[in-house]
Amino acid sequence: MVNLTYLHQIAPEFKDFNDLVRFNILEDTANLFVDSEIFEEKTDYAIILLIAHYLALANLKGIDLFTKSVKVGELSKTFASENAENELLLTTYGAMFNRLQKSLAISPILSGA
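Under this note's numbering, the first residue of the sequence shown is numbered 1, with each subsequent residue one higher.
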């Protein structure tokens with residue numbers, strides 16, 4: 001079951017995170033990328049990994065999760081990534097999700113004729 005307790009078990013550094021509204025928004029976002037027919041019994045784990053990734057990414061950037069760039073004077077920093085896999089690799093939880101996702105990939109079956 002996806003809930004704050006499970007998040008705290010998987011990602012103990014977020015044990016003080018108790019914002020249920022934000023958690024629900026992040027869960028809804030993660031659900032867009034996790035298909036239960038593919039992840040099967042690992043679905044809840046995959047969702048929690050993505051939620052932890054989003055929280056870690058927000059902490060890493062030190063800004064709003066959805067900010068794409070910041071400019072101060074002549075200096076600018078762009079955070080948006082066209083490659084979602086690269087963004088996943090920015091956090092431990094994103095990398096764990098990436099490995100989980102790849103472990104579920106189905107290889108094509110070739111038949112000899």
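Just so you know, these hints were derived from the structure itself, not from any lab. Using N, Cα and C, we set each Cβ at its ideal position, and we do this for glycine too. Don't take each hint at face value.
[What the hints assert, rightly or not] Computed spacing ranges between beta-carbons, pair by pair:
| # | residue 1 | residue 2 | range |
| --- | --- | --- | --- |
| 1 | L89 | S36 | 20 to 30 Å |
| 2 | N31 | E74 | 25 to 35 Å |
| 3 | E37 | L4 | 24 to 34 Å |
| 4 | T43 | E74 | 44 to 54 Å |
| 5 | L60 | L100 | 15 to 25 Å |
Hint check results:
no., hint, in the structure
1, L89 / S36: 20 to 30 Å, "holds, 24 Å"
2, N31 / E74: 25 to 35 Å, "violated, 40 Å"
3, E37 / L4: 24 to 34 Å, "holds, 26 Å"
4, T43 / E74: 44 to 54 Å, "holds, 46 Å"
5, L60 / L100: 15 to 25 Å, "holds, 20 Å"
Checked against the numbered hints above, the structure breaks only hint 2 and satisfies the rest.
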